[in-house]
Amino acid sequence: MPFTTTKSAFWKGFRDSAPFILVSGPFGLLFGVLAAEAGLIVPEAFAFSMAVFAGSAQFTALQLMQENAPVFIVLISALAVNLRVAMYSASLTPYLGSAPLWQRALAAYLTVDQAYALSIVQFENKPKMTVPQRMAYFFGTNGLVAPVWMIATITGVLVGSQIPASWGLDFVLPLAFLAMIGPMLRTPAHLAACFAAIVTALFAVVLPYNLGLIVAGLVGMMVGAQVEFWLEQRKTKAEVPQ
Amino acid sequence: MTTIDPTILWTVIIGLAIGSFGLRFAFIGLMANRTMPAWLMRHLRYTAVAIIPALVAPLVAWPTPTGGVTSLPHLLAAGVTLAVGLLSKNVLAAMAGGGATLFGLLYLFG
Chain A
1 MPFTTTKSAF
11 WKGFRDSAPF
21 ILVSGPFGLL
31 FGVLAAEAGL
41 IVPEAFAFSM
51 AVFAGSAQFT
61 ALQLMQENAP
71 VFIVLISALA
81 VNLRVAMYSA
91 SLTPYLGSAP
101 LWQRALAAYL
111 TVDQAYALSI
121 VQFENKPKMT
131 VPQRMAYFFG
141 TNGLVAPVWM
151 IATITGVLVG
161 SQIPASWGLD
171 FVLPLAFLAM
181 IGPMLRTPAH
191 LAACFAAIVT
201 ALFAVVLPYN
211 LGLIVAGLVG
221 MMVGAQVEFW
231 LEQRKTKAEV
241 PQ
Chain B
1001 MTTIDPTILW
1011 TVIIGLAIGS
1021 FGLRFAFIGL
1031 MANRTMPAWL
1041 MRHLRYTAVA
1051 IIPALVAPLV
1061 AWPTPTGGVT
1071 SLPHLLAAGV
1081 TLAVGLLSKN
1091 VLAAMAGGGA
1101 TLFGLLYLFG
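In order, the protein sequence lines correspond to chains A and B.
By the count of this note's numbering, the first sequence reaches residue 242 at its end, each step adding exactly one.
By the count of this note's numbering, the second sequence reaches residue 1110 at its end, each step adding exactly one.
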């Protein structure tokens, strides 16, 4: 079905994103609860979610600040976790790159997992969409998710400040991270990267300033990239006719 | 529970806001139609699957709630969370599975 207006493209994105509020709602709530446990108050947690708008980076920063890690380690680690949005940005550029600067700046701020995932599929399947229609669709995918994320954060802080420390929520954050990892491990290279990072991290805890995290992350990345390279080479070799 | 120093907190919030926006704006805003070298893209694909496990591994091996003593309920809960996530590809199902395992085991044996 071709889009007749940019407005209908916006609402298509809006509707397509609806299932994702089931993810961003609970995760925003969880971020709020854990932020409250870490001593953050509503304006602080809200500013965090509003300004950064990147779930996994926010969880990472929160965890490391609680471990009293140095500020530059907190920043490097959280940004590293969020490096994938740079890839999203690169991958969306051919479709949205010719839009006005203010729209691209707004789109950059709103580049999150679900907006990217929905949009790239839409753009690939509907090559005839105009740039304004694509932009409208992209903004539509955030029409629900962004407000839900902010409201859930605030609700979470209010709920979290009522929860006594004795409930033992300290381990919920590690579990939340583990829950995010599982669905990301789609290829042997992902598994190799993950495994290498875990082993290195366990040995590298002896390093000062939480540097072990950076070292383990780099080792994991190199192992993942190398395995991907090997697998590709093997595939190319196998495809060469005898 | 440690309280986070407000100066550190706001430095991190502002730093991350600028940094995250920079990452997102880098290509769509500035690079226009240039492409990144293949080796760099290949490494970038593995940042999240490397950094997040590296962050979690020590927290699972030496959990904060036990004061850093390795504990079976925490290890099992972590294993269940990862396994459910891997098999179901569903973040919320993984969370629920791990949470139920942890609180179930702590209730039974804690």
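Rather than coming from a laboratory, the hints here were simulated on the basis of the structure.
Careful: at least some of the hints might be erroneous.
[What the hints assert, rightly or not] If you want the ones that stay clear, here's a sample from chain A, every Cβ over 12 Å from chain B, calculated:
(1) Thr5
(2) Phe10
(3) Tyr95
(4) Val121
(5) Lys126
(6) Pro127
(7) Pro132
(8) Ile154
(9) Arg186
(10) Lys235
[To be verified] These stretches of chain A come out as covered by chain B in the derived footprint (C-beta under 8 Å, 3 or more residues):
(11) 11 to 21
(12) 51 to 63
(13) 79 to 93
(14) 133 to 139
(15) 142 to 152
(16) 174 to 185
[Unchecked claim] Estimated spans, in silico, between C-beta atoms of each pair:
(17) Thr236/A x Ala1083/B: 30 to 36 Å
(18) Val1069/B x Lys7/A: 55 to 61 Å
(19) Lys128/A x Phe1103/B: 48 to 54 Å
Each residue gets a CB set at the ideal place from its N, CA and C atoms; glycine is no exception.
Quick rundown of the hints versus the structure:
Non-interface status of Thr5/A relative to chain B is upheld: no Cβ of that chain comes within 12 Å, the nearest being about 24 Å off. No beta-carbon of chain B comes within 12 Å of the beta-carbon of Phe10/A; the shortest separation is about 19 Å. Not every Cβ of chain B is farther than 12 Å from the Cβ of Tyr95/A; the closest lies at roughly 9 Å, contradicting the non-interface assignment. For Val121/A, the requirement that its beta carbon stay farther than 12 Å from each beta carbon of chain B is met, with the minimum near 16 Å.
Every CB of chain B is more than 12 Å from the CB of Lys126/A (nearest about 19 Å), matching its label as outside the interface. No Cβ of chain B approaches the Cβ of Pro127/A within 12 Å, the least distance being about 17 Å, so the stated non-interface status holds. With a least beta-carbon separation of about 15 Å from chain B, Pro132/A lies farther than 12 Å from that chain, consistent with its non-interface assignment. Every C-beta of chain B lies more than 12 Å from that of Ile154/A, the closest at about 15 Å, which supports listing it as non-interface.
Not every CB of chain B is more than 12 Å from the CB of Arg186/A (nearest about 9 Å), against its label as outside the interface. Every beta carbon of chain B lies more than 12 Å from that of Lys235/A, the smallest distance being close to 15 Å; the non-interface claim holds. Chain B is given as covering the segment 11 to 21 of chain A, and this is violated because 0 residues of the stretch bring a CB closer than 8 Å to a CB of that chain, at least three being needed. Coverage of the segment 51 to 63 of chain A by chain B holds in this model, with 10 residues showing a Cβ closer than 8 Å to a Cβ of that chain against a need of three.
As drawn, the segment 79 to 93 of chain A meets chain B at 14 residues by the rule of a beta-carbon pair under 8 Å; at three or more, the given contact holds. Figure legend: the segment 133 to 139 of chain A, annotated as covered by chain B; annotation inconsistent (0 residues with Cβ-Cβ distances under 8 Å, at least 3 required). Evaluation of the coverage hint for the segment 142 to 152 of chain A: breached, as 0 residues show C-beta separations to chain B shorter than 8 Å, against a requirement of three. Residues of the segment 174 to 185 of chain A lying with their CB closer than 8 Å to a CB of chain B number 12, which satisfies the three-residue condition for coverage.
The given range of 30 to 36 Å is respected by Thr236/A and Ala1083/B, whose C-beta atoms sit roughly 33 Å from each other. Against the hinted window of 55 to 61 Å, the Cβ-Cβ separation of Val1069/B and Lys7/A comes to about 59 Å, which satisfies the hint. Against the hinted window of 48 to 54 Å, the Cβ-Cβ separation of Lys128/A and Phe1103/B comes to about 52 Å, which satisfies the hint.
Hint check: violations occur at hints 3, 9, 11, 14, 15; the rest are consistent with the structure.
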